[in-house]
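Number of protein chains: 2
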Amino acid sequence: MGWLADESGLGKCAANHVALTPLSHLNRAARLFPDREALVYGKVRHTYAAYHARVSRLASALAGAGIAPGDVVATILPNIPAQAEAHFGVPACAAILNTINVRLDVHTVSYILDHGQAKLVLVDTQFLPLAEAALAAMEGPKPQIVEVADPDSGFPATGRYPEYEEFIASGDPAFDWILPQDEWESIALNYTSGTTGHPKGVVYHHRGAYLSTMGQVVSWRMVLHPVYLTIVPLFHCNGWCHTWMMPLLGGTVVCCRHVDAKSIYDAIADENVTHFGGAPIVLNTLIHADDADRRAFDHTVEVFTAGAPPPAATLAAIEPLGFNVTQVYGLTEVYGPGTECLWKDDWDALPSKERYAIKARTGVVMPMLEDCTVLDPEMRAQIDMDGAAQGEIMFRGNAVMKGYYKNPEATEKAFEGGWFHSGDIAIQHPDGYMKIVDRSKDVIISGGENVSSVEVEDVLMHHPDVLLCAVVAKPDEKWGEVPCAFVELKPGRQLTEAELIAFARKELAGFKTPKAVVFQDLPKTSTGKIQKFELRNQVRGG
Amino acid sequence: MGWLADESGLGKCAANHVALTPLSHLNRAARLFPDREALVYGKVRHTYAAYHARVSRLASALAGAGIAPGDVVATILPNIPAQAEAHFGVPACAAILNTINVRLDVHTVSYILDHGQAKLVLVDTQFLPLAEAALAAMEGPKPQIVEVADPDSGFPATGRYPEYEEFIASGDPAFDWILPQDEWESIALNYTSGTTGHPKGVVYHHRGAYLSTMGQVVSWRMVLHPVYLTIVPLFHCNGWCHTWMMPLLGGTVVCCRHVDAKSIYDAIADENVTHFGGAPIVLNTLIHADDADRRAFDHTVEVFTAGAPPPAATLAAIEPLGFNVTQVYGLTEVYGPGTECLWKDDWDALPSKERYAIKARTGVVMPMLEDCTVLDPEMRAQIDMDGAAQGEIMFRGNAVMKGYYKNPEATEKAFEGGWFHSGDIAIQHPDGYMKIVDRSKDVIISGGENVSSVEVEDVLMHHPDVLLCAVVAKPDEKWGEVPCAFVELKPGRQLTEAELIAFARKELAGFKTPKAVVFQDLPKTSTGKIQKFELRNQVRGG
Numbered sequence: 001m002g003w004l005a006d007e008s009g010l011g012k013c014a015a016n017h018v019a020l021t022p023l024s025h026l027n028r029a030a031r032l033f034p035d036r037e038a039l040v041y042g043k044v045r046h047t048y049a050a051y052h053a054r055v056s057r058l059a060s061a062l063a064g065a066g067i068a069p070g071d072v073v074a075t076i077l078p079n080i081p082a083q084a085e086a087h088f089g090v091p092a093c094a095a096i097l098n099t100i101n102v103r104l105d106v107h108t109v110s111y112i113l114d115h116g117q118a119k120l121v122l123v124d125t126q127f128l129p130l131a132e133a134a135l136a137a138m139e140g141p142k143p144q145i146v147e148v149a150d151p152d153s154g155f156p157a158t159g160r161y162p163e164y165e166e167f168i169a170s171g172d173p174a175f176d177w178i179l180p181q182d183e184w185e186s187i188a189l190n191y192t193s194g195t196t197g198h199p200k201g202v203v204y205h206h207r208g209a210y211l212s213t214m215g216q217v218v219s220w221r222m223v224l225h226p227v228y229l230t231i232v233p234l235f236h237c238n239g240w241c242h243t244w245m246m247p248l249l250g251g252t253v254v255c256c257r258h259v260d261a262k263s264i265y266d267a268i269a270d271e272n273v274t275h276f277g278g279a280p281i282v283l284n285t286l287i288h289a290d291d292a293d294r295r296a297f298d299h300t301v302e303v304f305t306a307g308a309p310p311p312a313a314t315l316a317a318i319e320p321l322g323f324n325v326t327q328v329y330g331l332t333e334v335y336g337p338g339t340e341c342l343w344k345d346d347w348d349a350l351p352s353k354e355r356y357a358i359k360a361r362t363g364v365v366m367p368m369l370e371d372c373t374v375l376d377p378e379m380r381a382q383i384d385m386d387g388a389a390q391g392e393i394m395f396r397g398n399a400v401m402k403g404y405y406k407n408p409e410a411t412e413k414a415f416e417g418g419w420f421h422s423g424d425i426a427i428q429h430p431d432g433y434m435k436i437v438d439r440s441k442d443v444i445i446s447g448g449e450n451v452s453s454v455e456v457e458d459v460l461m462h463h464p465d466v467l468l469c470a471v472v473a474k475p476d477e478k479w480g481e482v483p484c485a486f487v488e489l490k491p492g493r494q495l496t497e498a499e500l501i502a503f504a505r506k507e508l509a510g511f512k513t514p515k516a517v518v519f520q521d522l523p524k525t526s527t528g529k530i531q532k533f534e535l536r537n538q539v540r541g542g
Numbered sequence: 001m002g003w004l005a006d007e008s009g010l011g012k013c014a015a016n017h018v019a020l021t022p023l024s025h026l027n028r029a030a031r032l033f034p035d036r037e038a039l040v041y042g043k044v045r046h047t048y049a050a051y052h053a054r055v056s057r058l059a060s061a062l063a064g065a066g067i068a069p070g071d072v073v074a075t076i077l078p079n080i081p082a083q084a085e086a087h088f089g090v091p092a093c094a095a096i097l098n099t100i101n102v103r104l105d106v107h108t109v110s111y112i113l114d115h116g117q118a119k120l121v122l123v124d125t126q127f128l129p130l131a132e133a134a135l136a137a138m139e140g141p142k143p144q145i146v147e148v149a150d151p152d153s154g155f156p157a158t159g160r161y162p163e164y165e166e167f168i169a170s171g172d173p174a175f176d177w178i179l180p181q182d183e184w185e186s187i188a189l190n191y192t193s194g195t196t197g198h199p200k201g202v203v204y205h206h207r208g209a210y211l212s213t214m215g216q217v218v219s220w221r222m223v224l225h226p227v228y229l230t231i232v233p234l235f236h237c238n239g240w241c242h243t244w245m246m247p248l249l250g251g252t253v254v255c256c257r258h259v260d261a262k263s264i265y266d267a268i269a270d271e272n273v274t275h276f277g278g279a280p281i282v283l284n285t286l287i288h289a290d291d292a293d294r295r296a297f298d299h300t301v302e303v304f305t306a307g308a309p310p311p312a313a314t315l316a317a318i319e320p321l322g323f324n325v326t327q328v329y330g331l332t333e334v335y336g337p338g339t340e341c342l343w344k345d346d347w348d349a350l351p352s353k354e355r356y357a358i359k360a361r362t363g364v365v366m367p368m369l370e371d372c373t374v375l376d377p378e379m380r381a382q383i384d385m386d387g388a389a390q391g392e393i394m395f396r397g398n399a400v401m402k403g404y405y406k407n408p409e410a411t412e413k414a415f416e417g418g419w420f421h422s423g424d425i426a427i428q429h430p431d432g433y434m435k436i437v438d439r440s441k442d443v444i445i446s447g448g449e450n451v452s453s454v455e456v457e458d459v460l461m462h463h464p465d466v467l468l469c470a471v472v473a474k475p476d477e478k479w480g481e482v483p484c485a486f487v488e489l490k491p492g493r494q495l496t497e498a499e500l501i502a503f504a505r506k507e508l509a510g511f512k513t514p515k516a517v518v519f520q521d522l523p524k525t526s527t528g529k530i531q532k533f534e535l536r537n538q539v540r541g542g
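Line by line, the protein sequences give chains A and B.
Take 1 as the starting number for the first sequence in UniProt numbering and just add one per residue.
Take 1 as the starting number for the second sequence in UniProt numbering and just add one per residue.
Among the hints, erroneous ones may be present.
DEER-style ranges, computed between Cβ atoms [unchecked claim]: (1) A/Asn272 to B/Ala313: 34 to 40 angstroms; (2) A/Asp348 to B/Ala349: 32 to 38 angstroms; (3) B/Thr300 to A/Asn272: 20 to 26 angstroms; (4) A/Ser8 to B/His299: 58 to 64 angstroms; (5) B/Ala349 to A/Arg221: 23 to 29 angstroms; (6) B/Pro351 to A/Gly154: 18 to 24 angstroms; (7) A/Asp348 to B/Asp270: 19 to 25 angstroms; (8) A/Ala174 to B/Thr300: 40 to 46 angstroms; (9) A/Glu412 to B/Met138: 50 to 56 angstroms; (10) B/Gly387 to A/Asp172: 28 to 34 angstroms.
Dumping the calculated DSSO-like pairs for lysine-lysine here, alpha-carbon to alpha-carbon at most 30 angstroms [claimed, not checked]: (11) A/Lys506 to A/Lys532; (12) A/Lys119 to A/Lys532; (13) A/Lys413 to B/Lys12; (14) B/Lys515 to B/Lys532; (15) A/Lys435 to A/Lys413; (16) A/Lys43 to B/Lys344; (17) B/Lys435 to B/Lys532; (18) A/Lys490 to A/Lys515; (19) A/Lys12 to B/Lys406; (20) B/Lys413 to B/Lys353; (21) A/Lys353 to A/Lys478; (22) A/Lys12 to B/Lys43; (23) B/Lys353 to B/Lys406; (24) A/Lys12 to B/Lys119; (25) B/Lys490 to B/Lys435; (26) B/Lys515 to B/Lys435; (27) B/Lys532 to A/Lys12; (28) A/Lys344 to B/Lys43; (29) A/Lys532 to A/Lys490; (30) B/Lys119 to B/Lys142; (31) A/Lys119 to B/Lys12; (32) A/Lys435 to A/Lys490; (33) A/Lys406 to B/Lys12; (34) B/Lys435 to B/Lys413; (35) B/Lys524 to B/Lys413; (36) B/Lys406 to B/Lys142; (37) A/Lys406 to A/Lys353.
The set of hints was computed from the structure by calculation and includes no laboratory data.
Every residue, glycine too, gets a C-beta built ideally from N, C-alpha and C.
The shape of chain A in the complex, shown without the other chains:
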């Protein structure tokens, strides 16, 4: 449309067009901030010059190990420096980073490695048994393992695999990064349990990762040189893209292997942490910390919390401790956070109760997304912003995934009508601020982890005595939600709650295993569909 009458000679060339990629941030930081601390983990302290060189070595070593552009490199790592380095080093050799949740069960990890066709996997020594079992269970070709030892945390190298430090030492610190030629090239593959049984592989492009970092700077009100603590696992939406963002600001990433009150307070007091993200459960951990684990500090720590609205009691207890909490909301499909409960100065003067009610809102769209609003799922029309009408939260913009890997049908369904369908039900206040009123029907969020009820049901259905089952979220003081199973047994069979839980635990990660089982007839519609709505009311009503 907006093309001039004569556009001759006005096309793209090397001088005026570069594919957007977060790799540019680290390249720039290495030149502008070579001596600033980039990555900190206990005794490990890498400057930007060192970080860049290590990333280059990793990219070079991966290429040397046979990783070609377009190959998938997986990680099974906690938030240690190698995980941050992989965020740059893997795409720097034009490979795609597939960070795998270390809390998953063997079968799911095996499925992900097969589905993503990872050629190489970086594995923390603690999670080698998981990785080895998953590789053994794979159907297709198995990835090479590079072991990432963490001796200072009690995980020395086993000697069974090439160790990460030796591996990158073999790489060239002057390796010429393979930058994307097209910003739509893939940078990451993140499996989400979503609402169906099999995890779906959400594909990110370089463009979205770059734009997410630029927009979040505004949302977080960040200026240069923040100190960012990695509480959100980097295997969740690439840690909300924050590791990619930090070099833009010359910031410091402080790694945190164990998320406990002492580690967090120490990081704030010793490293001057200014920002972190985490589920409300993290806030409760800080509130209820032992006195011995607390540390004094004199700045305000900015916390972005997601997964559930922060309860008023949590806010009332955490604010006096020196934390300012902002709720954000998003999904793997939108690169992590996509909305924020953007604070208005006018609200400062409100009584606490009203302030906390506002802080519990899901909020408004962040700058990197074109739109996020609540639509009538049938009509594709904006719902009334009256605080009562309900609809589905939908996203549109450049920080929405490319789609699900090898699943065009699911992609098409997710993007129906030109919007990404979140599956979350919300109202909208007259000022446009959204508030989720109901979780997407099937997802249980336990300790910040998504649990697919369908996946749990699949496992339970394999028990010879189970006729029918339905798994719903049960509110839980510690975990936010836990899976609760409703089960109809086959006629004449007998089974105890403990037996079924033990059965499920063999197949499922701990956080996915039901914490309660109720044996009863399941409520059904006239067409036989189980009414999970009724069951949710039942567990909530007590």
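Keeping the supplied structure of chain A fixed, place chain B upon it in accordance with the hints.
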């Protein structure tokens, strides 16, 4: 390169791809900050809701006046609200904004209108005589005039043309903006005097304008709700893209028709201005203000200064007044500022003299550009960063122009070797910070305005008595530089300095007219090329 083994279903669609454009910022701001002040000018105070509606009316009225996508709409306006509104309203109907410098002479304005083929021009009442004369001198079809009256500043409507407020009142406040389908579509056309006689039309795309706003947020260390004073004329690189940036931050644009000490101090004290950009001459205006024009304020105002390094004496005088000055550097071709003298905390403790020496550096690349460095113009190799070796500053990245309008040859030359050639000569310190040591050979920067020496020479050469001439920059306490002409007369002719200046003034804007004329033989190379270098030494050496 980074394409997964199977990319089926992972393409662009309405849900996951939106063309980058600064128009998105205003759309978002109207939804998130409807009641915040967006645009302020004396008694005029528009909220974001009103700003958005006025912009929509303008776009609608332009479409109603026959402006089609791809048409050029020009403005001859000082920094008044209509100029800010045009930055959104013109592209919102898919037209291209051509802001014309109000200080130009009739012939240049006429040339620009002919070359750009503007279909409509918004003209401030004060500049109607200029516009009318320029239209009269045009060779091609003349644009429609819409008059922008400013009665409160003494410029009531003449009644000769449709007046802006009536014009936009005829538009639809719910007009559906025509957003770009391709972010490479053109958004603005900015004529720069550059180094050749005829002004060249620098073309911006939506992508670059968007990315410049995102990167400058980081450079300016801006958080939400800045109050921005428009001292840099919006007809210079679209005011460094800042009017496009403000809605991203829910900021306020304070318009400033007259750049004088009283206006600036009043805006700081009354409107709480937090940021502005301007040439060092503006700082001197503030330093030397009459006591009656000064106002007290208790915050620090962030100033980005460009056009010349801020002199130590200026910094020493301005800092205690409550201003923090950062030098930026750029050109029309890179959307305004492209480098910044990024401050390091370590430098705070240095003695003033050393601090000021650092503040005089040209600095390092801003985030929206991939690279800006100093290359050997012949070899395309990075110069030694030893503070002594000289080379040419070159830029590469997404905030580099599309090219020069209807001038593919000049575009190709400017982008030779995959870099934009600035024409400015610089050294680089060991830390990578650049410092310009010599202006591009031919440009004179007078009061922040670029003056093409070639253009001035062309005019002088029309005088019947002039044989040969060369115009170079002469240092000037007030204007930074002024044009100084060296002239060889034809044999036997006689001419005075005053006569030649008066002759030039008839053809040239005041700031382009030589302030001094020296009659002498011109130094030449063996091939007859005039050695301007010698002449510059002569005016500097006295």
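So, going through the hints one by one against the coordinates:
Separation of A/Asn272 from B/Ala313 is about 37 angstroms and conforms to the stated range, judged on CB atoms against 34 to 40 angstroms. Hint check: A/Asp348 to B/Ala349, Cβ distance near 35 angstroms, so the stated range 32 to 38 angstroms holds. Between B/Thr300 and A/Asn272, the C-beta spacing of about 23 angstroms keeps the proposed range 20 to 26 angstroms intact. For the hinted restraint 58 to 64 angstroms between A/Ser8 and B/His299, the CB-CB distance of approximately 49 angstroms leaves it violated.
Roughly 27 angstroms separates the CB atoms of B/Ala349 and A/Arg221, a value that falls within the hinted 23 to 29 angstroms. In this structure the hint that B/Pro351 and A/Gly154 lie 18 to 24 angstroms apart at CB is violated, the actual value being about 50 angstroms. Between A/Asp348 and B/Asp270 the C-beta distance comes to about 23 angstroms, which sits within the given range of 19 to 25 angstroms. A hinted range of 40 to 46 angstroms holds for the C-beta pair A/Ala174 and B/Thr300, which are about 42 angstroms apart.
Between A/Glu412 and B/Met138 the beta carbon distance is about 54 angstroms. The supplied range of 50 to 56 angstroms therefore holds. With their beta carbons about 30 angstroms apart, B/Gly387 and A/Asp172 fall inside the hinted range of 28 to 34 angstroms. Of the pairs offered as hints, the one joining A/Lys506 and A/Lys532 holds, with about 25 angstroms between alpha carbons and a cut-off of 30 angstroms not exceeded. The suggested pairing of A/Lys119 with A/Lys532 is violated, with an alpha-carbon distance near 40 angstroms, which exceeds 30 angstroms.
Simply put, A/Lys413 and B/Lys12 have alpha-carbon atoms about 15 angstroms apart, close enough for the 30 angstroms limit, and the pair holds. The suggested pairing of B/Lys515 with B/Lys532 holds, with an alpha-carbon distance near 17 angstroms, which does not exceed 30 angstroms. For a cut-off of 30 angstroms, the pair hint linking A/Lys435 to A/Lys413 stands: about 24 angstroms separates their Cα positions. Between A/Lys43 and B/Lys344 the CA atoms are separated by roughly 25 angstroms; this keeps the pair inside 30 angstroms, and the hint holds.
With a CA separation close to 22 angstroms, the supplied pair B/Lys435 and B/Lys532 stays within the 30 angstroms bound. At most 30 angstroms may separate the alpha-carbon atoms for a hinted pair to count; A/Lys490 and A/Lys515 meet this at roughly 22 angstroms. A threshold of 30 angstroms between alpha carbons decides the hint, and for A/Lys12 with B/Lys406 the separation of about 16 angstroms falls inside it, so the pair holds. Distance restraint check for B/Lys413 and B/Lys353: the Cα-Cα separation of roughly 40 angstroms exceeds the 30 angstroms cut-off, and the hinted pair is therefore not satisfied.
Proximity of A/Lys353 to A/Lys478 is assessed by CA-CA distance (about 23 angstroms); at most 30 angstroms being required, the pair is judged to hold. This hinted pair does not check out: A/Lys12 and B/Lys43 have alpha carbons roughly 44 angstroms apart, beyond 30 angstroms. With a C-alpha separation of about 47 angstroms, the suggested pair B/Lys353 and B/Lys406 falls outside the 30 angstroms cut-off, and the hint is violated. This hinted pair checks out: A/Lys12 and B/Lys119 have alpha carbons roughly 27 angstroms apart, not beyond 30 angstroms.
About 41 angstroms separates the Cα atoms of B/Lys490 and B/Lys435, which puts this hinted pair outside 30 angstroms; it is violated. With a C-alpha separation of about 28 angstroms, the suggested pairing of B/Lys515 with B/Lys435 holds against the 30 angstroms cut-off. The suggested pairing of B/Lys532 with A/Lys12 is violated, with an alpha-carbon distance near 35 angstroms, which exceeds 30 angstroms. For the proposed pair A/Lys344 and B/Lys43, the alpha carbon gap of about 25 angstroms is at most 30 angstroms, so the pair holds.
Note on A/Lys532 and A/Lys490: the hinted pairing holds, with a Cα-Cα distance of about 20 angstroms set against a maximum of 30 angstroms. For a cut-off of 30 angstroms, the pair hint linking B/Lys119 to B/Lys142 stands: about 7 angstroms separates their Cα positions. Distance check on the hinted pair: A/Lys119 and B/Lys12 sit about 27 angstroms apart at the alpha-carbon level, within 30 angstroms; holds. The suggested pairing of A/Lys435 with A/Lys490 is violated, with an alpha-carbon distance near 41 angstroms, which exceeds 30 angstroms.
Between A/Lys406 and B/Lys12, the direct Cα distance comes to roughly 16 angstroms. Compliance with the 30 angstroms bound is thereby established for this hinted pair. A threshold of 30 angstroms between alpha carbons decides the hint, and for B/Lys435 with B/Lys413 the separation of about 24 angstroms falls inside it, so the pair holds. Taken as a hint, the B/Lys524 and B/Lys413 pair is honoured in the structure, with Cα atoms around 26 angstroms apart against an allowance of 30 angstroms. Of the supplied pair hints, the one linking B/Lys406 and B/Lys142 holds, its CA atoms being roughly 19 angstroms apart against a limit of 30 angstroms.
For the proposed pair A/Lys406 and A/Lys353, the alpha carbon gap of about 47 angstroms is over 30 angstroms, so the pair is violated.
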